[in-house]
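*Asks:* Listed here are the chains, written in short residue letters.
2 protein chains.
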Amino acid sequence: GTRDYSPKQMAIRERVFTAIINCFKRHGAEVIDTPVFELKETLTGKYGEDSKLIYDLKDQGGELLSLRYDLTVPFARYLAMNKITNIKRYHIAKVYRRDNPATTRGRYREFYQCDFDIAGQFDPMIPDAECLKIVHEILSDLQLGDFLIKVNDRRILDGMFAVCGVPDSKFRTICSSVDKLDKVPWEEVKNEMVGEKGLSPEAADRIGEYVQLHGGLDLIEQLLQDPKLSQNKLAKEGLGDMKLLFEYLTLFGITGKISFDLSLARGLDYYTGVIYEAVLLQQQNDHVEDPVSVGSVAGGGRYDGLVGMFDPKGRKVPCVGVSIGIERIFSILEQRVEASEEKIRTTETQVLVASAQKKLLEERLRLISELWDAGIKAEILYKKNPKLLNQLQYCEETGIPLVAIVGEQELKDGVVKLRDVATREEVNIRRENLIEEIRMRTSQL
Amino acid sequence: GTRDYSPKQMAIRERVFTAIINCFKRHGAEVIDTPVFELKETLTGKYGEDSKLIYDLKDQGGELLSLRYDLTVPFARYLAMNKITNIKRYHIAKVYRRDNPATTRGRYREFYQCDFDIAGQFDPMIPDAECLKIVHEILSDLQLGDFLIKVNDRRILDGMFAVCGVPDSKFRTICSSVDKLDKVPWEEVKNEMVGEKGLSPEAADRIGEYVQLHGGLDLIEQLLQDPKLSQNKLAKEGLGDMKLLFEYLTLFGITGKISFDLSLARGLDYYTGVIYEAVLLQQQNDHVEDPVSVGSVAGGGRYDGLVGMFDPKGRKVPCVGVSIGIERIFSILEQRVEASEEKIRTTETQVLVASAQKKLLEERLRLISELWDAGIKAEILYKKNPKLLNQLQYCEETGIPLVAIVGEQELKDGVVKLRDVATREEVNIRRENLIEEIRMRTSQL
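Chains A and B, in that order, are what the protein sequence lines are.
To convert, note that position 227 of the first sequence is 425 in the working numbering; the numbers rise steadily by one, no gaps.
To convert, note that position 329 of the second sequence is 527 in the working numbering; the numbers rise steadily by one, no gaps.
Treat the hints with care, as some may be off.
Same chains, same label: a pair holds when it works inside one copy or across any pair of copies.
Think about it this way: if two alpha-carbon atoms lie no more than 20 Å apart in a straight line, the pair counts; the simulated PhoX-like pairs of lysine-lysine are [claimed, not checked]:
(1) K223 to K575
(2) K557 to K381
(3) K281 to K610
(4) K206 to K541
Because the hints were derived from the structure by calculation, they are not lab data.
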């Protein structure tokens, strides 16, 4: 359920992280870090039915600790502990879930989350719209194929449950049934609601009608006119904010990939307002023979009550955020790299310092030391007398573009023979000009 | 015993990481990653007396797991598991120790290690010398003040114990007593050897004479002539390699900061050859009123047997590596930043999109969306009608250098007013030239 990352996987991973971090920085986010474990009590009661998936540490004396389950709860704890009422931060780190891993679909027990959150008391839906813009930018940037961002609001869901006749006490459990609609058909979900959870079939059917709906501003307007829903205070608030959100998303020019979807529920307890989830659609990429069936690659929402749960006086800090689930993104990109036979370099070495004859280790060490001190990325083979052929082969295998060859004649002439690995061209360069020449030749790499 | 990192601390941390990663990449290293926990049995018997500091996970069904104690043992497990006999890699990640934290000296229960290792069968001391060159480059680069890298060899220590009359069975435990010499005086260490560990006082005194010695090539030559030590096979091998090492370090031009020191022992069980440790010397920096007493900031050595312990057939892969202990480095740099009142930016935002009048939120959103899509790092205040003064203050506080102001007149004229926060100069820029202008003005940042 866990995995090592090989140098090649790390190279792909770095590309993805770079795209995501660039986006977070483009939106002015600071970065924080928190410990991998939290007090067990910090995590208790935050994740609903998923709490059973939390990893605990052994009681070896001292506090009871658990591995973090996500980055949101530690963030809320951090805000409360440091009395921060206003921050825009990102956090990229591993989280832990005792799940049944489906490693083929990129699901592991240890996996990365990339979170961006905005905390603070602001005018409605402006930060929320920015979170969706961020998801849109990242998924476009990574060129993962077509995607859709589903949006809903907990208040609309709760209002819908109320007008459908779900008792208050059943809101959360019916909500987790609805959450399964992206994986199982309505009939099964209905059976669960009625059979396991004791909802009346009529109430279930009424829910069934609503959760089929998805659309844009038109659907929002329609529901604002809905005779039952429009009478519910919560639903009305939620629909009003949803309308505002879509207005902002229109200004951002991204409504084409956004769908207001009444079947989106999201399992976590702490959401209080808008919620969203991005899914990749069927891969269009012809290179990939077996398109991976990937589900959600990002999700998030508004959680205005969570920070208050950690504050001794219950002072609330409204928050909205998004989490990019990059393991699935890795899986897709890894598979794409395999299929395309693209050669991925795992080092950035610019030049190999080589020798053409024996007994030149000292000269190689002297030269490479000069290069390192000048900031050139350089390697040597760790042999006293390596064969020139082996040295050239090493460059071919690892993608090093240049070889600086020292030999007896070159030493006498005060030059180094610089070889271009791709073209096999060799030129003698005066020793004092070597660093400049290497810099020039590798500057476009 | 653990800590959160605030945005300001993260900014300092990023600087340190960048310097270290640049150095590792300059030396042609690939990067790998391993899970935060390992099978408990993987860690068993690798850390000598320190094994009691390992964090275990609670047995919730499934395998027994422990949090990693260092990055070296997971690396060796990774090599054996993937049958890799040849790699140069770095790994930067957190490790966990149930220690009594001395947080003032930068010691925590969760802390980062930055490891660089070279695995493979190579000619003697070439990779070992490169590891020391790396420590030298990093500590010089970070400008932490004066430092010293102490070097010794497990074989010289074991040979010394043998000629001093220490029984074979006591080598490891006497070795951990010697390891304490950097913290407690010789008399105390001798008492421990004789009183607790049952060594004869004469043997202890003979050790006492050796462990006082430190120097360079001269000392190596002297010990190679030492009538007792030179008769011991292990010591002779170790001294021979030490001589070779110093020859290579001379070619690298770094012997000035390297000391062959017979009192250096290092606690971990797995070392088999050269060992080293870098210490910062008394701070020369006048800005710091209370110089932190810092000990070791880097350490490592050769461990030729560790990979074989994880291979079913015991196949060995010789390894040598170094670990940079950056928490202490952070402590020093943090303290230096505090003392110097240097203002550290925690974001990279280039421009704030602001408005001079009310009712311009839509225009701000439209403009910032254009900037984001062009890759400009931009922020807005999340208010419908923020005051211009508040917007300018936000720039002052967070160090944003430019403000793009939209107002009714500017909209009519098709321009944006670009304000330089530092000089307060304002110029109208045609909307279609704005992105280019912002890029130009912030390119040197």
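*Asks:* Between the shortest in-copy and the shortest cross-copy C-alpha distance, which are at most 20 Å for K281 and K610: within, between, both, or neither?
*Replies:* neither (69 Å within a copy, 44 Å between copies)
*Asks:* Can you give me the call for K206 and K541, within, between, both or neither, at a CA distance of at most 20 Å?
*Replies:* Within one copy only: 10 Å inside, 38 Å across.
*Asks:* For K557 vs K381, is the C-alpha pair at or below 20 Å within one copy, between two copies, both, or neither?
*Replies:* Cα proximity of K557 and K381: none, with 67 Å in one copy and 44 Å across.
*Asks:* Given identical chains, is K223 near K575, meaning Cα to Cα at most 20 Å, within a copy, between copies, both, or neither?
*Replies:* between (28 Å within a copy, 7 Å between copies)
When each numbered hint is compared with the structure, violations occur for hints 2, 3.
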